[in-house]
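Trainee: Chains as they are written, first to last, in the working numbering: chain A, 1 to 339; chain B, 340 to 678; chain C, 679 to 1017; chain D, 1018 to 1356.
It is possible that some hints are incorrect.
Just so you have them, the derived chain D footprint on chain A, three or more residues with Cβ under 8 angstroms [unchecked claim]:
(1) 20-32
(2) 221-232
(3) 249-262
(4) 266-274
From chain D, some residues computed to sit far from chain B (all C-beta separations above 10 angstroms) [to be verified]:
(5) Thr1063
(6) Glu1101
(7) Gln1104
(8) Val1178
(9) Pro1179
(10) Ser1252
(11) Ile1356
Distance condition first, Cα-Cα at most 20 angstroms in a straight line; then the derived PhoX-like pairs of lysine-lysine [what the hints assert, rightly or not]:
(12) C:Lys930 <-> A:Lys208
(13) D:Lys1304 <-> A:Lys287
(14) A:Lys50 <-> D:Lys1108
(15) B:Lys626 <-> C:Lys965
(16) B:Lys591 <-> D:Lys1023
(17) B:Lys389 <-> C:Lys684
(18) B:Lys345 <-> C:Lys965
(19) B:Lys547 <-> D:Lys1225
(20) A:Lys252 <-> C:Lys728
(21) A:Lys6 <-> D:Lys1067
To be clear, the hints were calculated from the coordinates, so they are not data collected in a lab.
Even glycine gets a Cβ: it sits at the ideal position worked out from N, Cα and C.
4 protein chains.
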Amino acid sequence: MNNSSKIGVGVVGAGRIGKLHIEHLAQNIPEAELVAICSLDLADVTSVAKQFNVPKTTSDYTTLLADPQIEAVLVASATDTHVEISQAAAKAGKHVFCEKPISLDLEQIDETLAIVEKAGVKFQVGFNRRFDASFARVREAVASGEIGEPHIMRITSRDPVPPPIEYVKVSGGIFLDMTIHDFDMARYLIGDEVVEVYAVGGVRVDPKIGEAGDIDTTVITLQFQNGVIATIDNSREAVYGYDQRVEVFGSKGMVAAANPPIDTVTFSDSEGTRAASPPYFFVERYKPAFLAELQAFFACIQERTPPPVTGADGRAPVVVGFAALKSLRENRPVLLSEI
Amino acid sequence: MNNSSKIGVGVVGAGRIGKLHIEHLAQNIPEAELVAICSLDLADVTSVAKQFNVPKTTSDYTTLLADPQIEAVLVASATDTHVEISQAAAKAGKHVFCEKPISLDLEQIDETLAIVEKAGVKFQVGFNRRFDASFARVREAVASGEIGEPHIMRITSRDPVPPPIEYVKVSGGIFLDMTIHDFDMARYLIGDEVVEVYAVGGVRVDPKIGEAGDIDTTVITLQFQNGVIATIDNSREAVYGYDQRVEVFGSKGMVAAANPPIDTVTFSDSEGTRAASPPYFFVERYKPAFLAELQAFFACIQERTPPPVTGADGRAPVVVGFAALKSLRENRPVLLSEI
Amino acid sequence: MNNSSKIGVGVVGAGRIGKLHIEHLAQNIPEAELVAICSLDLADVTSVAKQFNVPKTTSDYTTLLADPQIEAVLVASATDTHVEISQAAAKAGKHVFCEKPISLDLEQIDETLAIVEKAGVKFQVGFNRRFDASFARVREAVASGEIGEPHIMRITSRDPVPPPIEYVKVSGGIFLDMTIHDFDMARYLIGDEVVEVYAVGGVRVDPKIGEAGDIDTTVITLQFQNGVIATIDNSREAVYGYDQRVEVFGSKGMVAAANPPIDTVTFSDSEGTRAASPPYFFVERYKPAFLAELQAFFACIQERTPPPVTGADGRAPVVVGFAALKSLRENRPVLLSEI
Amino acid sequence: MNNSSKIGVGVVGAGRIGKLHIEHLAQNIPEAELVAICSLDLADVTSVAKQFNVPKTTSDYTTLLADPQIEAVLVASATDTHVEISQAAAKAGKHVFCEKPISLDLEQIDETLAIVEKAGVKFQVGFNRRFDASFARVREAVASGEIGEPHIMRITSRDPVPPPIEYVKVSGGIFLDMTIHDFDMARYLIGDEVVEVYAVGGVRVDPKIGEAGDIDTTVITLQFQNGVIATIDNSREAVYGYDQRVEVFGSKGMVAAANPPIDTVTFSDSEGTRAASPPYFFVERYKPAFLAELQAFFACIQERTPPPVTGADGRAPVVVGFAALKSLRENRPVLLSEI
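Work out the full structure: start from the sequences and follow the hints.
Mentor: See the structure below:
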């Protein structure tokens, strides 16, 4: 088999998401050739490389970027390294798939997007949920006019368990590490821009989250340019599992995506009828979506088309997140133009 | 208020079903004037009459039939009195609403239908489930061709608790006291006649039912003239409540009616999602259908139209029941023409 | 039958809701004796009285209040007459069931509640949805701690069709004629008081509603004393029918009430599976709740207990409504203490 | 990477199922080393081998069996070759995974099982549906006593489109090519043996199927040793898609597995609520189950445990199938002991 037509890939970062990408690249993306993995934890990365037959490992991403076999780089390292690595990769002429958020600093994002633009490489941001079949169907229903003019949107997004407090301290806060997905989903489903944000919230799940300067329960109201009003509600802890639902209501009807149960079994007894829980967390729920976003990334490289999630798509929800934070702190609606 | 345009009604029998009819007549059928109630238990009937403002009570049904104010009679007494009272009522020129089954004796049924025919009065049999909105919608879907040619039908019919053993001993057995409703439902939904029956069953719920000569669990296969194959499954005891479902599969699709839950509430926790049980038993589930069958009865009197459930409809499922009994005993399919 | 133990009732107002109450009183509340109906439209009220055997009719509510047979009065007339009639009825020593809202004027409400208090009569406000079995079950789940500490609540409430523009002009606006039910539901489900309100909205359904000075689409965020954050979304026009759902999320799970379909029938064909719509509008959906609120009213009279929906319950959502209006106009969160 | 610990595998047959197994072996079974593929269509198999990096191809299965690298053989060729290849593979000391049915000839099955037994190799039959998560959960509920003593089981199994008439002519008929899966499912879920079978059926979908000597619509009643009564209904054409549902009713409750929709999206409009269809056919629906059965096969080789679907499990449903055929032809219940 001639592998020369394959796209050589390097992955930087081998945490939970990094490993998932590595698995998909090794097993399910025939057009990709996984050449090298980079991680600070060399022991760990060596074992992963062995498992998936990846020829090269390194703890220095510049080594990886210097490899001429590598045409595309997946950046799945810690958030505060995204910008540096993405910029270096772009400058090295590699296509970049960067996990969200690009950065917690808008200037750095803008700088990165400018470098990418100049380099003429593909730059896709890892908003995997857009590739979930149900959410994609909802977007299609909105975009095609099936539900008429959209008026109201509701997004529910609740995690099964809070992240470690150490993560909370550096994540940028709930709006930038968790709600950012929902801000992206909101823009994706409505196909329009947010103009104003109002956020309320509190510490209901764990006082330690409050001590770390964050909240764990929030409800955000978004107003779009086209008049749609959206609410997002988040909790760091839903005991029944990962709760990811959307609903868009419009002049001709409503479209909604529910949680998929892990099986289709129901039990009926004197207590009523019991159905299964949703998948535990994001890996279980969005594995097909994580795969699909990679497939789309390689397709846009091969077909020379724009990536389905652009740098601008990576920037916009960060802006909404800052507006939400400002709204929460000042207890007033905040225009995006204020950020 | 001028009541002379109302239809004077007498009710014979004031057991559970009789009382339900009395309540509906007193409260919800403005075109009926409830004139008299007859029951062997005069103390009981006096209290019911007081509750619903019924002017006359008697323990002798001939007294009731002699009342010129009474134009229509509801026969809700013990099964073995249906024929005698229905025949006398018809001979007295009264319209008759008779609970199912008309009789456990085909000759007596035929005799009754002949008398009714000769008297020119309305005769409606109490197959209340036909008036359930969901089942009526299923029938409409079949009759209108929405699902194309029907091929396969499934009926599930399970009671929450077995009847008293004393009742089991005189009821005619499960096919004639319980499945008879499903035989009627089968004919109603398909709009065609059964030609062959195969029944299997056993005693799984309570050995006492077996000692009384009956079974408590059965599965029956019906073949219709038009080629539809149907199965009915029955149990005397479903711990999760009254289970009444139908499904018709055809060349253009499938239509099904599920159990209605008693409320629309769901609970989600780490065990999954719990929804409500169905209504407890037939009164809770079919109260609107019991009312609707009476409304239809009075409408057919006023509008001089045929009753929606005819004497022939009352006879047919008894024949199917006898065929099922013969099939069970002889462990072979039995043609209806053998009965 | 001795009717002297029954509670004599007079109904003022015979519009859609008035007629529904009259029907329930006449047919389904055995402890009530419907003595008189009052309406400005004497021809209409005469026909209703005839239909339900109500002995007296009048177009002057003072005549009705002067009737010594009447112990309780149902006020179902136009909103701007609620206060005058309720006050007069209380002064006449009658128990009062008053439709919502008591008034659009807080001073008048307070005056009325003071008069009722002084008169020592029962005063119940017509928040019928509290008596819906599903919503009552949700409240029970919250109150009993089944879902732990409540954190987030979502209420969706959308009408199938907008009211006439003439009604919009005098109704007090969407917050006081429509959302008021949801404000009550919010207080009822959480069992706590709202402290801050933020409302956004617009005219999406019909420009005439905007010309009449109202909005037709709104999303409201409520913050409760106990920390619960709630959102309510309203639309004047949901083409799929009356949409009335609630969801409460807490530390131990989630409880939700969905729309009941009008039947349990599903169709499966190459387009997917189709299920039935919800009941058309409030009469179809809440008929059992309208009956149950009356039963509760007469029970509290007979058992000398406080009414389940008090005058204070009638006042509170009006305050929330004014806060919502102020929030919408000033585009900022408004404390209830500002009203 | 040291592949010497991997199990060398050869696949015989590269039709639809064969290709699916090849894909799974190449991508998702790290403990397997796919060494060779055998197919009569060498051009086709060469392209598949190239796609999945399989080093060897052949059109002669004896070549494959002679390969010392190969420890396990997957037999996915035409049904009438299963016995010859399985026997030869077992004699060559290879573990065998054989697609269903082993054969349409009971003597050949018995001969094969004897040879396998003597050879001491693993022999697993491809009843993939046992590995569906929902059906496995139903079986667990039955086996663990969650629903008490099982009484009644219903299996619905309908294909989206009929197979080609050429296939119908050689498949052994609906009972042996289609219902055989349901006979296996019935045994699997109940964990007991069928003693009597009654089958009815007809040609409702396509007269050509009748001309080929088969039926396309059937309902079968099974009686188990332990008293459970089961019905299976089959159609060759369900326009709404692949319909695969089971329900087991017992003394303590009911457990059921529904069809999974392809997404969780619902649309609500004036026609009602629409949900998604089930996956199109067996590959779409059972892909994870096809993978899981292979994983179980390699696990039983590595762990030296019995295969989860044994040769006896492969034989039993063939016997039930013959009994069903006899029942249909003779229109009477047939004991399995008659076969």
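Trainee: Of the numbered hints stated earlier in the document, which are not met by this structure?
Mentor: 2, 10, 14, 16, 18, 19, 20
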